[in-house]
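Asks: Protein sequence lines correspond, in order, to chains A and B. Just so you know, we're using this note's numbering here: the first sequence kicks off at 105 and counts up by one. Just so you know, we're using this note's numbering here: the second sequence kicks off at 3 and counts up by one.
Everything labelled a hint here was simulated from the structure, so no lab data went into it. Among the hints, a few may not be true.
[Said to hold, decoys possible] Sample of chain B residues at the chain A side, in silico, Cβ under 10 Å:
(1) Asn5
(2) Gln10
(3) Asp15
(4) Asn31
(5) Ala36
(6) Val44
(7) Asp63
(8) Leu127
(9) Thr129
(10) Leu132
(11) Phe135
(12) His153
Where is the CB? At the ideal position from N, CA and C, for every residue including glycine.
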Amino acid sequence: MEHIAHDETSFVRPAEVGEMELYHPKTWLGKYVFSQDAKTIAIQYAGTAIAIGMVALVLSWLMRLQLAWPNTFTFIDPAYYLQAVTMHGMIMVVYLLTALFLGGFGNYLIPLMVGARDMVFPWLNMISFWVYFTAVLLLAASFFVGGGSTGAGWTLYPPQAILPGTPGSKAGILLMLASLAVFIIGFTMGGLNYVVTILQARTRGMTLMRMPLTIWGIFVATVLALFAFPALFVSAIMMALDVLLGTSFFMPAIMTMGSESEHVGGNPLLFQHLFWFFGHPEVYIVALPAFGIVSDLISVHARKNIFGYRMMVWAIVIIGALSFVVWAHHMYVSGMNPYFGFFFATTTLIIAVPTALKVYNWVLTLWQGNIHLTVPMLFSIAFLLFFINGGMTGLFLGNASVSMPLSDTLFVVAHFHMVMAVAPVMVVCGALYHWYPKITGRWYHEGMARFHFWVTFVGSYLVFLPMHYLGIMGVPRRYFEITGTTFLPDSAHSVNASITIAALVVGFAQLVFLYNLIVSAFNGKKAPGNPWNATTLEWQTEHTPPEHGNFGKELPCVYRWAYDYSVPGIDEDFIPQNVPPRNRQTEVVQ
Amino acid sequence: MSNIFTEQPWIADTGPIAPALSGTEIALNSRRSALKVLLSVVSIFFLLMIVAYGGRMLYQDWRPTPQINLLWANTGLLLLSSLCLQGALMWAREGRMQWVKSGLVAAAVLTVLFLAGQLAAWQQLITMVLGDFSNPSVGFFFMITGIHGLHMAGGMVALGRAIRRAFSSLDVSGIEHTVANCALYWHYLLGVWLVVFGLLFTGNNFEILLRICGFI
Numbered sequence: 105m106e107h108i109a110h111d112e113t114s115f116v117r118p119a120e121v122g123e124m125e126l127y128h129p130k131t132w133l134g135k136y137v138f139s140q141d142a143k144t145i146a147i148q149y150a151g152t153a154i155a156i157g158m159v160a161l162v163l164s165w166l167m168r169l170q171l172a173w174p175n176t177f178t179f180i181d182p183a184y185y186l187q188a189v190t191m192h193g194m195i196m197v198v199y200l201l202t203a204l205f206l207g208g209f210g211n212y213l214i215p216l217m218v219g220a221r222d223m224v225f226p227w228l229n230m231i232s233f234w235v236y237f238t239a240v241l242l243l244a245a246s247f248f249v250g251g252g253s254t255g256a257g258w259t260l261y262p263p264q265a266i267l268p269g270t271p272g273s274k275a276g277i278l279l280m281l282a283s284l285a286v287f288i289i290g291f292t293m294g295g296l297n298y299v300v301t302i303l304q305a306r307t308r309g310m311t312l313m314r315m316p317l318t319i320w321g322i323f324v325a326t327v328l329a330l331f332a333f334p335a336l337f338v339s340a341i342m343m344a345l346d347v348l349l350g351t352s353f354f355m356p357a358i359m360t361m362g363s364e365s366e367h368v369g370g371n372p373l374l375f376q377h378l379f380w381f382f383g384h385p386e387v388y389i390v391a392l393p394a395f396g397i398v399s400d401l402i403s404v405h406a407r408k409n410i411f412g413y414r415m416m417v418w419a420i421v422i423i424g425a426l427s428f429v430v431w432a433h434h435m436y437v438s439g440m441n442p443y444f445g446f447f448f449a450t451t452t453l454i455i456a457v458p459t460a461l462k463v464y465n466w467v468l469t470l471w472q473g474n475i476h477l478t479v480p481m482l483f484s485i486a487f488l489l490f491f492i493n494g495g496m497t498g499l500f501l502g503n504a505s506v507s508m509p510l511s512d513t514l515f516v517v518a519h520f521h522m523v524m525a526v527a528p529v530m531v532v533c534g535a536l537y538h539w540y541p542k543i544t545g546r547w548y549h550e551g552m553a554r555f556h557f558w559v560t561f562v563g564s565y566l567v568f569l570p571m572h573y574l575g576i577m578g579v580p581r582r583y584f585e586i587t588g589t590t591f592l593p594d595s596a597h598s599v600n601a602s603i604t605i606a607a608l609v610v611g612f613a614q615l616v617f618l619y620n621l622i623v624s625a626f627n628g629k630k631a632p633g634n635p636w637n638a639t640t641l642e643w644q645t646e647h648t649p650p651e652h653g654n655f656g657k658e659l660p661c662v663y664r665w666a667y668d669y670s671v672p673g674i675d676e677d678f679i680p681q682n683v684p685p686r687n688r689q690t691e692v693v694q
Numbered sequence: 003m004s005n006i007f008t009e010q011p012w013i014a015d016t017g018p019i020a021p022a023l024s025g026t027e028i029a030l031n032s033r034r035s036a037l038k039v040l041l042s043v044v045s046i047f048f049l050l051m052i053v054a055y056g057g058r059m060l061y062q063d064w065r066p067t068p069q070i071n072l073l074w075a076n077t078g079l080l081l082l083s084s085l086c087l088q089g090a091l092m093w094a095r096e097g098r099m100q101w102v103k104s105g106l107v108a109a110a111v112l113t114v115l116f117l118a119g120q121l122a123a124w125q126q127l128i129t130m131v132l133g134d135f136s137n138p139s140v141g142f143f144f145m146i147t148g149i150h151g152l153h154m155a156g157g158m159v160a161l162g163r164a165i166r167r168a169f170s171s172l173d174v175s176g177i178e179h180t181v182a183n184c185a186l187y188w189h190y191l192l193g194v195w196l197v198v199f200g201l202l203f204t205g206n207n208f209e210i211l212l213r214i215c216g217f218i
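Start from the sequences and build out the full structure, keeping to the hints where you can.
Replies: See below:
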């Protein structure tokens, strides 16, 4: 065994990557509010996303209270309930998870992990956050307008979304559409930055195939988002025009409230196609960054190189591409040509192949690894369990014939919460704990973190596993109450109540999580620069937390991939990406 | 150069690494790349609207938009503005600064005229349909031309900056990349307009295409 030789002069020229001009703020506002530093912007994105996400969490509590004990909480009426359902879904999917993964983790990690000083367009990056912030404000404003926020369901299907009788069918839906349009404009600004930074500003030696899988996940997800969000944007504009100008893109001739509407000849199915052309890739916009991050977390905390790196990269790319040709599996019950349904069922099942490869590779990475059951690793393992569970029920729902009877039941709700809500949230939590020492320079409170993990893990299972059974029994989703029915046994109501109790407890654990994150940032123990002995560049910065410009005087030079863990013949069980190779003489001697 | 298909990332470097790009090169490449990515996004955007238009045409109650001849003149204006930018780019490469300025200004004026022409076309259509927007094809017309116009107006911001730079600097080489990016954007939006105009707003061309494809 020997120490690795740092003989960079023998074989590799010193790094000399050209410098980019960095913005240097002169005022407090410029440094902390309108900052152009991607790390500050990342924290702003994360803070805003988590804040609005907490609103969505409270909305889910309200829904659950109503379902568990109908008519006990008099302030929850049917309209209120539908509004809570709608806003919870939209906030969680778009304003929390998308913004947190791409705006939060993307901003923080891309420049650091590819060895850049910052994003290539820092000013645009700053604007992108403030546009996102405006979108969140618009969305939040809809709670306070006359008629309240929209209650059309997060899918916003016309015609009911804009017909009288649906909560928020005037100002509520318009604010939602405006907010989505603004969000997409902001995201496009950010997305251009992420893609171009990854393609153009990687440091010397950081080839595409040496990028950590985190970056691959964020990169492909950003490309998906750039190509999928236009469909939502177009449909938002069209629906807004239907409301405002009386056009008939989606609105057919229809009787409403006893009279004929002004619309003629619109096609509601067109909206569904456009929405799901966005909606399905959206699942992977959330999932792919999670896939990437969890790959790195597992590798670092199992002290083992990721199994099948190239396969993992191509699986991400293939999943991304396939995600654009599966959208109509969300529309089996809308009525379609059987061959059409067959095509989409087939593509849906095909996408399971690269996804399963990834799952096998994660498990094989863990196999015989030196597994450290740190909090990030616990969350990573929990992710695997939730993802496998949610993925398996996806196979049921991908088949048109099985999907139809299960459509609009709690089985669907359980499936997508397992696969694209809880599973990615496990990764978010694991990732926040993993990078927390780098972001703040301090340790989180270990006890609170483990409490948070176990309550969230067990509690989430208690929420969503029984929901599958309720769905199979035929309990419909989005119903204000299911009392007075004969087809449901009393036990179904008891299960509903137990789910609610679990949901409240899980929600409480998230408050503990946030308390830990905030308080430990000031009072936590000081953390070293590379506490996990990780190989990627963000852990090799001169300062912790990294200063503006990320790296010291010179940008790092990359000589190897991000997964040199437990390399035979080396004392340390990791070799950072910026450590030069051993010179040949040393190798010969060895 | 590494190849993402053949590279074996688990093998560390054993020799010198290729030289890095300079900071200026990174910035220039980034702007060009960002523009290309943006144009890809814009392509999807218009493609979706065209597909939605075609999908709606398949229904039997489809009523096409009334013909507006002014659109032909507007197309000519956009074509000329694109040519002016191409000329400006050519002159920038030859170092003829005075001509570059003229080309840029002419392109800007022609684009403003194009946008004014589009507004006039809107006015004509509103008169033709007597303010009734319930015909989906009329809705599509306003939406597609409006979004195209907004993209042109957005491009005017970049063109305005290019003109300001051209008039405040004698250095042609510094402005070449900016003009090249403006030219690419204009050519691209001209292409989008030609597809949209030719396919959707000049008679029943799109219907013919749908028939050929067997959808009707």
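Asks: Decide, hint by hint, whether the structure agrees.
Replies: Status of the hints after comparison with the structure:
1. Taking 10 Å as the C-beta contact cut-off toward chain A, the hint placing Asn5 of chain B at the interface holds, the least distance being around 8 Å.
2. Hint on Gln10 of chain B holds. Least Cβ distance to chain A is approximately 8 Å, under the 10 Å limit.
3. Annotation: Asp15 of chain B was flagged as interfacial toward chain A, and the flag holds, the nearest CB pair being 4 Å apart, inside 10 Å.
4. Here the hint on Asn31 of chain B is kept, as its CB sits about 5 Å from the closest CB of chain A, short of 10 Å.
5. A cut of 10 Å between beta carbons decides the hint on Ala36 of chain B: the least distance to chain A is about 5 Å, and the hint holds.
6. Taking 10 Å as the C-beta contact cut-off toward chain A, the hint placing Val44 of chain B at the interface holds, the least distance being around 8 Å.
7. With a least beta-carbon distance of about 5 Å to chain A, the hint placing Asp63 of chain B at the interface is held under the 10 Å criterion.
8. The closest approach between the C-beta of Leu127 of chain B and any C-beta of chain A is roughly 13 Å, which is over the 10 Å cut-off, so the hint fails.
9. Taking 10 Å as the C-beta cut-off, the interface hint given for Thr129 of chain B is violated, the closest approach to chain A being about 16 Å.
10. A cut of 10 Å between beta carbons decides the hint on Leu132 of chain B: the least distance to chain A is about 13 Å, and the hint is violated.
11. Checking Phe135 of chain B against chain A: minimum C-beta separation of about 5 Å stays under 10 Å; hint holds.
12. The criterion of a C-beta within 10 Å of any C-beta in chain A is not met by His153 of chain B, whose closest approach is roughly 12 Å, and the hint is violated.
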